[in-house]
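Hey, can you work out the whole structure from these sequences and the hints?
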Amino acid sequence: MLDAMFHARSVAVIGASKGTTETGGAKLGAAALNYLVDHGFDGPIFPVNPRYQELAGRRCYANVRDIEEGVDLALIVLRAEACPDAMADCAAKGVKVAVVYAAGFAEAGDRALQDRLLGAARAGGVRLCGPNTNGFINAVDNLVCCTSSVSDMNPFPGGDIAFIGQSGALGGSMLGCAMEEGSGFAFSVTTGNEADLGVADYLDYLIDDDRAKVFALFLEGVGDAPKFLAAASKAARARKPIVVYKVGLSDIAAEACASHTGALAGSDRVFDAVCRQYGLIRVDDLAELLPTATAFSWIGDKLPRGNRVGIVSASGGINGVAADECHRFGLEIPELDAEAKARIGEFVPSFGSVRNPVDLTQQVRSRVSAYSDAARALLDLDTIDGVMLFATMVGEPRASVYGEEFSTIAREASKPVIVGWAGPPGLASKGFPMLQAKRTPTFRSVRGVVKAMRRLYDYRTFLSRFAREAAE
Amino acid sequence: MNPEAIIPEAIIPEAIIKDALARKLTALSEFDSKRLLKAYGVAVTKEELVTAPADAVKAARLLGYPVVMKACGPGITHKTEKRLVEIGIIDDERVASAFAELTARAGGSCGILVQEMIAGRRELLLGMTRDPLYGPCVTFGLGGIFTEILDDVSCRVAPFGRADAEAMLDEIRGAAILGAVRGMAAVDRGALCDALCGLARLALEHDGIKEIDVNPVIISEGEGRPVAVDALVVLG
Chain A
1 MLDAMFHARS
11 VAVIGASKGT
21 TETGGAKLGA
31 AALNYLVDHG
41 FDGPIFPVNP
51 RYQELAGRRC
61 YANVRDIEEG
71 VDLALIVLRA
81 EACPDAMADC
91 AAKGVKVAVV
101 YAAGFAEAGD
111 RALQDRLLGA
121 ARAGGVRLCG
131 PNTNGFINAV
141 DNLVCCTSSV
151 SDMNPFPGGD
161 IAFIGQSGAL
171 GGSMLGCAME
181 EGSGFAFSVT
191 TGNEADLGVA
201 DYLDYLIDDD
211 RAKVFALFLE
221 GVGDAPKFLA
231 AASKAARARK
241 PIVVYKVGLS
251 DIAAEACASH
261 TGALAGSDRV
271 FDAVCRQYGL
281 IRVDDLAELL
291 PTATAFSWIG
301 DKLPRGNRVG
311 IVSASGGING
321 VAADECHRFG
331 LEIPELDAEA
341 KARIGEFVPS
351 FGSVRNPVDL
361 TQQVRSRVSA
371 YSDAARALLD
381 LDTIDGVMLF
391 ATMVGEPRAS
401 VYGEEFSTIA
411 REASKPVIVG
421 WAGPPGLASK
431 GFPMLQAKRT
441 PTFRSVRGVV
451 KAMRRLYDYR
461 TFLSRFAREA
471 AE
Chain B
1001 MNPEAIIPEA
1011 IIPEAIIKDA
1021 LARKLTALSE
1031 FDSKRLLKAY
1041 GVAVTKEELV
1051 TAPADAVKAA
1061 RLLGYPVVMK
1071 ACGPGITHKT
1081 EKRLVEIGII
1091 DDERVASAFA
1101 ELTARAGGSC
1111 GILVQEMIAG
1121 RRELLLGMTR
1131 DPLYGPCVTF
1141 GLGGIFTEIL
1151 DDVSCRVAPF
1161 GRADAEAMLD
1171 EIRGAAILGA
1181 VRGMAAVDRG
1191 ALCDALCGLA
1201 RLALEHDGIK
1211 EIDVNPVIIS
1221 EGEGRPVAVD
1231 ALVVLG
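Chains A and B, in that order, are what the protein sequence lines are.
Throughout the first sequence, residue numbering follows my numbering, covering 1 to 472 in sequence.
Throughout the second sequence, residue numbering follows my numbering, covering 1001 to 1236 in sequence.
The set of hints was computed from the structure by calculation and includes no laboratory data.
Yeah, the Cβ is synthetic: ideal placement off N, Cα and C, and Gly gets one too.
Be careful, since some hints might not be right.
Residues from chain B that keep clear of chain A, each with C-beta distances beyond 10 angstroms, as calculated [stated by the list, open to error]:
{"id": "1", "residue": "Gly-1088"}
{"id": "2", "residue": "Ile-1090"}
{"id": "3", "residue": "Asp-1091"}
{"id": "4", "residue": "Phe-1146"}
{"id": "5", "residue": "Ala-1185"}
Computed footprint of chain A on chain B, listed as stretches where at least three residues anywhere in the stretch have a Cβ under 8 angstroms from a Cβ of chain A [as the list claims (entries may be wrong)]:
{"id": "6", "stretch": "1049-1055"}
{"id": "7", "stretch": "1105-1118"}
{"id": "8", "stretch": "1164-1178"}
In structure tokens, the structure reads:
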């Protein structure tokens, strides 16, 4: 049903225009058309606007019904009041899915206008995304129907994360930040008021797409709970992790959600139970949503078998912090056996630490392979399920050496390796981006590293339990 | 006669609920609530509902002293606050006087429940509410007077499997209380899981049940056996 949306063969842009607004940005009708064209969608694009003969080098139609060829998808970039009539035209034309961008419907108190819009869509069998949405992106096929200026990033870096968000503006900013940090997306959709299609519909559909391997959800409410739970079960069967941030812990937030997308926030306690039950990875800090999804995207095929970690750094200070964070989040730091101690003792000076956590000391500067040697000694142990590497103050050119070394360790390991980079990325101008380019999960904070490892472990635990229960 | 036989074995849950709904009751009595829960795998106190002092004495002897006596009827809730519970009754004479006092305090026209007294210091709660989005939610937590004070509960949305029931036990902050602590036996976790899964099944099979409150479930001192000492099934 959503093929006509995410894999549209032809797209009409109703309300397409040109020119800029007072603040210098493209008008919405221009943005929708230009992003679609500029990102290189390879199917026919039909601008629709009675005021123009031609737009973006294409014939412009007065009405969507005037288009001779079939239209899968219509992007309606008109003011709210004009949308129900445009939707009726889409219905008459046989458009399969329409995205309505305008705000000013149920979220602004005009339920009647939204009902008219939905009525027009239902009458013609048109599925509706929105209203009050920034649209969606299929980055794999260059189908960019997203009016957020995040679409200025062109081309989008490829990836296998699917983002589904109930806030357009926030969704765009999160996506943009994540992409600047090396994350890659296959799909993104902001759901708006969900008058028709909701989070559960998009989730259910995209789980079946091979190119979406990890889901990141920004939720205010889940809308259709049974459908949402069914989709969550399907994701578990497909072993596709769903990372979720949900608003609504406080009453004020719950009210804000209700007026924003009309979604019932529901009881936070119950949602938390649902997450545990269905293996949803719930993050309690919005800033962790996409980095966590990215960690799953990059090393989700190496989930830790247990909660025992090895830690390597060149700083006793950061090792102490890491040990505390591991304690806080339930990760164990096992003692090393005599053989591992001997192996590491060969290159760690006597004033360092030949224990777990391993402190290589600043002698690390003179031995290029110190991190690799220590990390491999830990990774080889049956008692270690994952390794964390921490770099403190490192500038170029040493940062590049570390970037290369860390990413090589992580790539070659059969266990998860996560990097913490405590120094300023600006002084590691090549090394830090190298880690991201080589898909090595890297966090600026110690806690970020530890929480990511813990979540990988939790998901692995969930999958084992899920498989066991499915077998029963 | 075996005390077990006091509770008739052939409980037809449908009949209890149907009868209550026909009588337009908003809640089942403690006795009926427990009969229903027992049919779904929740261990409850051995007890008998009587309407005459002589039957109360007979039941008490059968159960073995000490016993607990309560006023029991569909409209009777908050029994402790209303002084409708007498605990630690040790002989026939006291059974007879408790019968008279409870009947008087309840304003007559109700049954008197005579039940075994479970010795234990640990109190838990089991519950079920219907979430407007997710449907039946089963909760587990610390019971008795700690329920409101500590608000230490875990929950799951029905249906769920045994592994989730196990996880619920571990998720409360006070999970350590389930272990062998301070000379008390470790709690029979299997029995608690049976009860949690039973509540989920009960909620799924009977739409007419709006809410269930099993509080307290006392952990017997010697064996670590969880026994529902009070229960309320709300209809609607």
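Quick rundown of the hints versus the structure:
Listed as a non-interface residue, Gly-1088 of chain B keeps its Cβ farther than 10 angstroms from every Cβ of chain A; the least gap is roughly 36 angstroms. With a minimum CB-CB distance of about 42 angstroms to chain A, Ile-1090 of chain B clears the 10 angstroms threshold, and the non-interface call stands. With a cut of 10 angstroms on Cβ distances, Asp-1091 of chain B stays outside the contact zone with chain A, its closest approach being about 46 angstroms. At roughly 17 angstroms from the closest C-beta of chain A, the C-beta of Phe-1146 of chain B stays outside 10 angstroms, upholding its exclusion from the interface.
With 10 angstroms as the threshold on Cβ separation, the claim that Ala-1185 of chain B sits away from chain A holds: the shortest Cβ distance comes to roughly 27 angstroms. For the stretch 1049-1055 of chain B, the assignment as covered by chain A is violated, since 0 residues bring a beta-carbon within under 8 angstroms of that chain's beta-carbons and 3 are needed. With a threshold of 8 angstroms between beta carbons, the proposed coverage of the stretch 1105-1118 of chain B by chain A is violated, since 0 of its residues qualify and at least three are required. Evaluation of the coverage hint for the stretch 1164-1178 of chain B: fulfilled, as 3 residues show C-beta separations to chain A shorter than 8 angstroms, against a requirement of three.
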